[in-house]
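> Dock chain L against chain W, hints included.
These protein sequence lines map, in sequence, to chains W and L.
Reminder that position 17 of the first sequence reads as 114 in the working numbering, one-by-one numbering, no gaps.
Reminder that position 128 of the second sequence reads as 124 in the working numbering, one-by-one numbering, no gaps.
Simulated from the structure, these hints should not be mistaken for laboratory data.
As the structure is a computational prediction, the values presented were derived from the model and not from experiment.
All C-beta atoms, glycine included, are put in the ideal place defined by N, C-alpha and C.
Careful, some of the hints might be misleading.
[Stated by the list, open to error] Below are the DSS-like pairs computed for lysine-lysine, each with C-alpha atoms no more than 30 Å apart in a straight line:
(1) K238/L <-> K146/W
(2) K46/L <-> K146/W
(3) K184/L <-> K104/W
[As the list claims (entries may be wrong)] Sample of chain L residues with no beta-carbon within 10 Å of chain W, all distances over it, derived:
(4) A16
(5) I156
(6) P207
(7) T212
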Amino acid sequence: MELEAVKLLAGAIALIPLLGVGIGLGLIFSSYNEAVGRNPGAAELLDKKFFLTFALTEALAIFALLVSFYLVFA
Amino acid sequence: MADALHQFVIQPIGPDLQVAGMNLAFTNSALWMVIATMLSVGILMAGIRKKSLVPGRMQSVSEMSYEFIANMIRENIGTGGMQYFPLLFTVFFMVFMGNSLGLVPYSFTYTSHLIVTAALALLIFICVCVLGIARHGAHFFSLFVPPGVPALMLPLIVPIEVLSFLIRPVTLSVRLFANMMAGHILLKVIAGFAVAFLSMGVMGATLGILPTLFNTVLIGFELLIAFLQAYVFTILSCIYLKDTVELEH
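So that you can see chain L by itself, here it is in the shape it has in the complex:
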């Protein structure tokens, strides 16, 4: 029996392509990213194919997902943040599809790899830095000086603020990756209990129903976590991108 960590192994599909010392093979991770992209694009395209005033089922899904992200941006950034709608909408669906497709048996969860989530988080971080400095110039660094702090405290506060700014991409990526990895390990460990019970005869097989039932509950919980983590990732991106639109002071 494969151990609980076997599910995270990246395997090449098809030829093992080596270019200039780099492995450019098409992997199972890439395959599921393609599936996630196709699926989200497909659902949205199917939703807007037949435009009607009273939306049908598919159109409702598209409209609801639009409204969901648009409301999130309006509440957290303001109407000036709608310029980031395409970015945040894409990030949300990339993460959400990755999380929820990972719950399909025998699939691969690409968001359970730190490199994927770190790339997404760094995209947001670099966006904030570049756009913030381009829009506000040197005034952007007033981000590190909270208003209303006495001058005596500044040598202490400013390094803390700088550190908390620099740690943002780390916490953003590790939160998503760790949640996904821990959840999937838990599912496989509990499933492993059921298999271990099964090898203990009739009595064991009967007892094995318990971990299976527990796993069923856990799948529901993981579905909640899958949505929640995508939501948290997007809302934190919103909060970080807010600094590029308007500074507090």
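For reference, chain W alone in the conformation it holds in the complex:
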């Protein structure tokens, strides 16, 4: 295969982790909304934990994106 084609393909494969991150973020959002729906009084307590887990999960997607950028452009 051409080197350029392999680079693009590798960049695409490096983005497969986004699948897991998508599922993970969906779980976080759904359980957060469910918890707040059941107990609105706990929303303030849950907000902090929600944002922390959201940022930690989202960081994984950014890692994958970084690897993909590196494969395609470097």
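Same frame as chain W, but now just chain L:
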């Protein structure tokens, strides 16, 4: 048109100072660090200049930022962690100012460079190692032996714990750097769409409003990320520094 990565180029401002083979020029990165420091110090100084029982606007900002970090430390480390308040407060404002000033057009985001975030993360990491060993001595290494693990499993668990301890500064720095870099590349790529549309005549110029509107939304999202990443960086530093105050067992 400059490409999307042009924004990360470090350029010297003023004379190109060469000392013993090292380039010590004052760069745009250094300039924005100075601006960030001046701005955060300025806001806090303005807040405490006129001390009143009922805080005004500026004083409220100072008090809220103090309470924000102080509560974070109390919740995550306990009152024994207040000795780290100056360090964590400074780290938070360094990162937060860097992230949010980077959203100003034509500015420079110094937190989008791995060397800056790695220096901050290594500062925390070295603090944890040195203070932990100084306070607890050899007992500090019990960090690598989680309580309640059967002795048979220890040869497997201990290397994993050591590895996860050593990887902390890497993930801490790469998380911040990658978030900032990816966000800014995204903003510039979408802005590039608008410029590309503009070269396609009247029809293109009308369609070009769409990426511009999307970019406006993205700027708001980036502002959230800017705060969130500074928050995450500080809270993880809190969690790491907790080991120097009290070990779990």
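> None of the hints should be skipped; say for each whether it holds.
We went through each hint and held it up to the structure:
1. K238/L <-> K146/W: Status holds; Cα separation ~18 Å.
2. K46/L <-> K146/W: Judged against 30 Å, a Cα distance of about 36 Å means the pair is violated.
3. K184/L <-> K104/W: Since the Cα atoms of K184/L and K104/W sit roughly 23 Å apart, the hinted pair holds (cutoff 30 Å).
4. A16: holds, 30 Å
5. I156: Holds: least Cβ distance 19 Å, greater than 10 Å.
6. P207: P207/L clear of chain W: closest Cβ-Cβ about 19 Å, beyond 10 Å.
7. T212: Non-interface label stands for T212/L: nearest chain W Cβ at 21 Å, farther than 10 Å.
Going through the hint list in order, the structure does not satisfy hint 2, though it satisfies all others.
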